[in-house]
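*Asks:* Residue numbers (numbering that gives the first Met the number 0), protein chains in the order written: chain A, 0 to 399; chain B, 0 to 250.
Be careful, since some hints might not be right.
[What the hints assert, rightly or not] No more than 30 Å apart at the CA atoms, straight line, and that leaves these computed lysine-lysine pairs for DSSO-like:
| hint | chain 1 | residue 1 | chain 2 | residue 2 |
| --- | --- | --- | --- | --- |
| 1 | A | K154 | A | K179 |
| 2 | B | K168 | A | K328 |
| 3 | A | K328 | A | K300 |
| 4 | B | K168 | B | K178 |
| 5 | A | K328 | B | K118 |
| 6 | B | K38 | B | K118 |
Calculated directly from the structure, the hints in this document are not laboratory data. Remember, predicted model here, so these are calculated numbers, not experimental data.
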Amino acid sequence: MPYIASIGTYLPCWGTSDSRVPGDDEDAITLAVEAGRAALESGGSVEYVVLVSRDLPLTESSNAAVLLAGLGLDPELEVIERLGGAPATLDALGSARPRTLVIGVDIDGAGAAAALTAERGLQVRTAARVSRSLPVRTRNSSGDVHDYGDPRLLKKRGYLASLATAWVDSPVVVAGVGRKDAAPLAVGDSVALPTTGASSSLFALAAMAEASTTGPLVGIEQASLSGITVADGSASVLRRERAPQPLPESGQLATGEIPISLAAYERAFEAKVRWEAGKFSDSDELDFPPRYRVDQDGTLKTEYTFVELPRTGTVYTEVTVHAPVPGLKTPYTLVIVELDDVGVRALVRVTGVEAGTVDIGDRGRLVLRRVAVRSGVPDYGYAFEPGTAGAVGTGTEDAA
Amino acid sequence: MRNVAIVGAGMTPFAEHFALGIRDLLPMAFSECAASIDKGLDLSDLQAAWFGSMGTTDGFPSGILADTLGLRDIPVTRVENSCATGHDAIRNAMFGIASGAYDVALVVGADKLRETASKGMLWEWEAMSRDMAWDYPLGLAQAGFALHVRRYLHESPATREHMAMVAVKNHHNAMSNPKACRRFELTVEEALTADTVVTPSGSTTAHRRAMVLLRWSLSPRTWSTGSPIVRSGYVEVASVSIPLCISTSAT
Chain A
0 MPYIASIGTY LPCWGTSDSR VPGDDEDAIT LAVEAGRAAL ESGGSVEYVV
50 LVSRDLPLTE SSNAAVLLAG LGLDPELEVI ERLGGAPATL DALGSARPRT
100 LVIGVDIDGA GAAAALTAER GLQVRTAARV SRSLPVRTRN SSGDVHDYGD
150 PRLLKKRGYL ASLATAWVDS PVVVAGVGRK DAAPLAVGDS VALPTTGASS
200 SLFALAAMAE ASTTGPLVGI EQASLSGITV ADGSASVLRR ERAPQPLPES
250 GQLATGEIPI SLAAYERAFE AKVRWEAGKF SDSDELDFPP RYRVDQDGTL
300 KTEYTFVELP RTGTVYTEVT VHAPVPGLKT PYTLVIVELD DVGVRALVRV
350 TGVEAGTVDI GDRGRLVLRR VAVRSGVPDY GYAFEPGTAG AVGTGTEDAA
Chain B
0 MRNVAIVGAG MTPFAEHFAL GIRDLLPMAF SECAASIDKG LDLSDLQAAW
50 FGSMGTTDGF PSGILADTLG LRDIPVTRVE NSCATGHDAI RNAMFGIASG
100 AYDVALVVGA DKLRETASKG MLWEWEAMSR DMAWDYPLGL AQAGFALHVR
150 RYLHESPATR EHMAMVAVKN HHNAMSNPKA CRRFELTVEE ALTADTVVTP
200 SGSTTAHRRA MVLLRWSLSP RTWSTGSPIV RSGYVEVASV SIPLCISTSA
250 T
């Protein structure tokens, strides 16, 4: 029986309170990293990672390396990329060993939530499982979507029938269906969840942890469901959920894309996705990007170690590009950020605010984003998110 | 070190030159340079050549210069130093002559951007001038200099109006140069209200949104080719304008 030590959530700052949309520089992996980092903020250790989503950016090649690097985890960890919705995330949680980070991510109605299991904390146990087929909406391997278009059939012969079959007669919270449909199914106070897919059941768990609610939590996807019983114990919850704002208008040229050099991609990957500089043992200076150097007498130095860079900094200079740039949406703002206390300045794009609204001296944090898609390859790196707020949480310290 | 003088110069107009290849433009510029020399020139007078070139239009630049001018038996050296490429080529030729290694040297600068479609030109140019993993995907494009200007405006008493005055001066100079590419007068007001390419947003004195734009004059146009000749003699200081300008996007 797993225990949950901490929960982290993330919502993109774009869209409406009913439905968030990812920014141009966000995908399921950057969302997962934001939620995962929030869950890990309280310092738990991780041995396994399970990523549940139906919106994985890559189905050939793997998302695991970027996910681990973005989370700052060891590349030797096992990562399971699991296709599924709200029930799949609860299944993953129910069977998780301690020190497993389970992350659910959604793009259509965007959001991500992560839960870290441990030896103690908020106790959960599997209560029900039903797999039934009622494929009212399908997406095949090439991404083609078919919608049957009968919500009443889905409701009556789908999840209502499954709930009856599973003998889950009084769930406290129901995840995976729209708010209007979920409310009458739950016996507890209605919890407005921001997503309906893989992340929704962890958003529900976060709400229960915050309110110290116990009882059955059910995750639904079409006619399948999974239920867990949330028992005693406490878990810290950290939410990165800024208030939603409309996605700013932008323009993009119809033609043109940014080519990639995968040789350069591979060389830069560790430093670029883990946000690390190079440091030689005989020097206090950090090299960013990391690279070979020479001594004053010309001796070659190759033995640098990777050092984590600070994820906060101050804008040193900024510009906003308005002219159309093939392959990118304009306008966008670029800044050179002076990172805190390390004497390193980095050139990055600005995220999470409308273009042209940052100024020299503004503070902010560095966050993993999809910088570009180049020749079909999502190219990840860091972006500057102005502001220091953005996280609300009930820490373990408060709960204890 | 010996003194060095520029004894002749010639250039093609600054233009897109769709109809002319780099192998046409190089002889055109050289011919005008040769014609400008008081006592004329014989190709066999040339003992070395330096060729400032950012890109490699139609092949390795040194070979192209040697081939187009028939300079098969002298050393031809390509120089690249970003926007200072032309200056650096002159400097190298000057050292060659001042040291006594050569008496007469040719310096040429040429690039041709419009050999590729405008839609692909930006990334092609960026690929040549950016780190492929770190800077390239950010779309630095025209913003490279603007980042500097934005900080300069922050640290110095200079204002957007001062930046606009540089553009006004540049355009004024173009009026008396039949080979300049943007030959029209510009007022400070026009420069400040022109279409925005890249914003250095907000001046240091007032938080208005800046409308001035900064762009490389490189952008959609061909660099011209210029070919001064360097010969030993007395010192002459020549100022060559580097094509970094503040201008409107109007043509």
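*Asks:* Going through the numbered hints above, which ones does this structure break? Give me the numbers in ascending order.
*Replies:* 2, 3, 6
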